[in-house]
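Generate coordinates for the entire structure from the input sequences, incorporating the hints supplied.
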Amino acid sequence: MFNKILIANRGEIAVRIIRACKELGATTVAVYSDADRKSLHVTLADEAYHIGGSAPSESYLVIDKIIEVAKKSGAEAIHPGFGFLSENEEFAKRCEKEKIVFIGPSAEAIRLMGDKITARKIAQDAKVPLVPGSDGAVTDVEASVVAEKIGYPVMIKASAGGGGKGMRLVRDKEDFESSLRMARSEARSSFGDDSVFVERFVEEPRHVEIQIIADTHGNTLYLFERECSIQRRHQKVIEEAPSPAISAKTRKKMGEVAVNIAKAVSYSGAGTVEFIMDQKENFYFLEMNTRVQVEHPVTEMITGFDIVKWMVRIAEGEKLPFKQKELSINGWAVECRVYAEDPETNFMPSPGMLHYVKAPSGPGIRDDSSIYSGCEITSFYDPMLSKLVVWADSREAAIDKMASALREYVVLGVKTNIGFLIRVMQNDEFRQGKLDTGFIERHQELLGPGEVDIEPAIIAAALALEDVEETQESDKAPQSNWKLLGRKAAVSGGNLV
Amino acid sequence: MTYTFKIQDKVFSVETEIDKEQTIVKINEKEVPVEFEKIDDNLYSVILDGKSLTIGVLKDGKKIQVFMDGDLFIIEAISERDQRKSSQELSGVQEIKSPMPSRVVKILKEIGDDVAADEGIVVVEAMKMESELKSPIEGKVTDISVAEGDAVEADTTLLVVSSE
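Chains as they are written, first to last, in the numbering used here: chain A, 86 to 582; chain B, 1495 to 1658.
Everything labelled a hint here was simulated from the structure, so no lab data went into it.
All residues carry an ideal CB built from backbone N, CA and C; glycine is no exception.
Any given hint could be a false lead.
Unchecked claim - Just some of the chain B residues that point at chain A, by a computed CB distance under 10 Å:
#, residue
1, 1499
2, 1508
3, 1526
4, 1553
5, 1554
6, 1561
7, 1565
8, 1571
9, 1596
10, 1602
11, 1624
12, 1638
13, 1640
14, 1641
Stated by the list, open to error - Calculated lysine-lysine pairs in the PhoX-like style (CA-CA distance at most 25 Å, straight line):
#, chain 1, residue 1, chain 2, residue 2
15, B, 1603, A, 250
16, B, 1504, B, 1520
17, B, 1553, A, 443
18, A, 150, B, 1622
19, B, 1600, A, 250
20, B, 1557, A, 443
21, B, 1557, B, 1520
This is the structure in structure tokens:
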């Protein structure tokens, strides 16, 4: 067993990993930036070292600083979590060079899967279905031939693309030429490169992914699927396991192709193969994430498998003691990401001090977070406050449990998406499992509280200003006139006159 | 005690009378029977006509944050003078400020351009996300104090919109 493990991350995932390492008997080392001195991961770790400025580029992304702390503290292994250096080939190589175990796949596997074109090629060789389309960049003539062959609707995408720029959806042949011209021109102005490729447009796509786990002895297993179809700004908000849309037959097929991809790159550790799936259960490879994912808890809840602990054990060389046929799905899990953001203003981040936090609890409720009353959400990092995860024996029961748990969640100080999440849990389409990645765009009515009875809110505000406790106490002790004046001043806008 | 509150652009007059025996609250002169308990500094239990609610309350200067059923409501305690001022502000000059430390990505208007209420006028980026800031009033852009690419602190004035 490793004696000491460094966690090269922050926030809730650092807390999650620290807990797993402690349970395994390892001493933990935290690193922190200027902004994170008061973070929970710093408090919970056995050792903590300052690594630089608040911007990730001055701290969590600086390989030299992380390695220096690992050497200084005598850490034998580094868990990178997700984001930051977790999928950085150079970092994995450097760990190897310094004889520190990188808890994750090999640098080579990170490299192969990090490059989208190489990953696509590997998937193709491993007989994994890809969205039908052109093989890389095409000329104008080739583009229309490909579009004709794969059938409309098609998507024209900039080769150097990202963020939706240089993308055009074409439903009819007549529009193809003009759309191609526009996509090229947008690609040229955005990326300085007008090469484009063409692929079939998947209608009402669902986002389904397979969690895999592989040891260094050649055993690769799939821990079934998660569905992450509720997304905003192309980022996941709600995840569940299993998917409500997948048959046992497709699940097995998808699991097996995911294992094939992992084997093709001699993968070890935890990883996720992401697919896009249409409403007829046709699925296509998107990409492979070579790290632990934000939504890993839903898989843990339905399999009873501690993914983070197994990542550590595998890095030590331990063999997976299970076979695929011994694994099964038990019940249903739902995860909601609680963000400091305002759904009413297109999910604008809402940084600030969390003056008060009260998280829900109860059977089957897990809150993976690093927040506490008095902590600050700075604008340097992702605004995720917590991952609230619930487990129940059916999907309906899990959704009801989530709605109830969310109602218990109190956060004061910044705007959050908790109310929005409650409304999604109550939405008929969501409850029926009619999901796709366009769900939020279609349901703008869920973004604001709508017609609510604000009477109780006004009453609470008035009574809070009155400060009932103080008034009730006033019978016991004489009240200072200054205190009364101060209260009046607060209400009248700071003026005593 | 009598308070004037503004919430979701509506103004309410609230009167409270608290003694040991009972709490009486009048909202816009309508009496509302309420049972009320303070659980801790920020958490209150309110029972209204048998309906039990746990409400989070944070006093933040003149503004009060009220957290109820997952949603945060900002309630403003206002004096009569404030009421007059705020109605003037809504029809007068509005400074558009950055709500957080951010980078100005795009300025969508030029000085002299007309803007409609709720129309996007500047895009800022923070926490890996772009957000569009909107004008609260209809008017003309009379000043632009930043340039695209500028890094700004929270509360920095970015543009000024005037309806006069």
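Are there hints from earlier that the structure breaks, and if so, what are their numbers? As far as the earlier hints go, 10, 12, 13 and 14 are violated by this structure, in ascending order.
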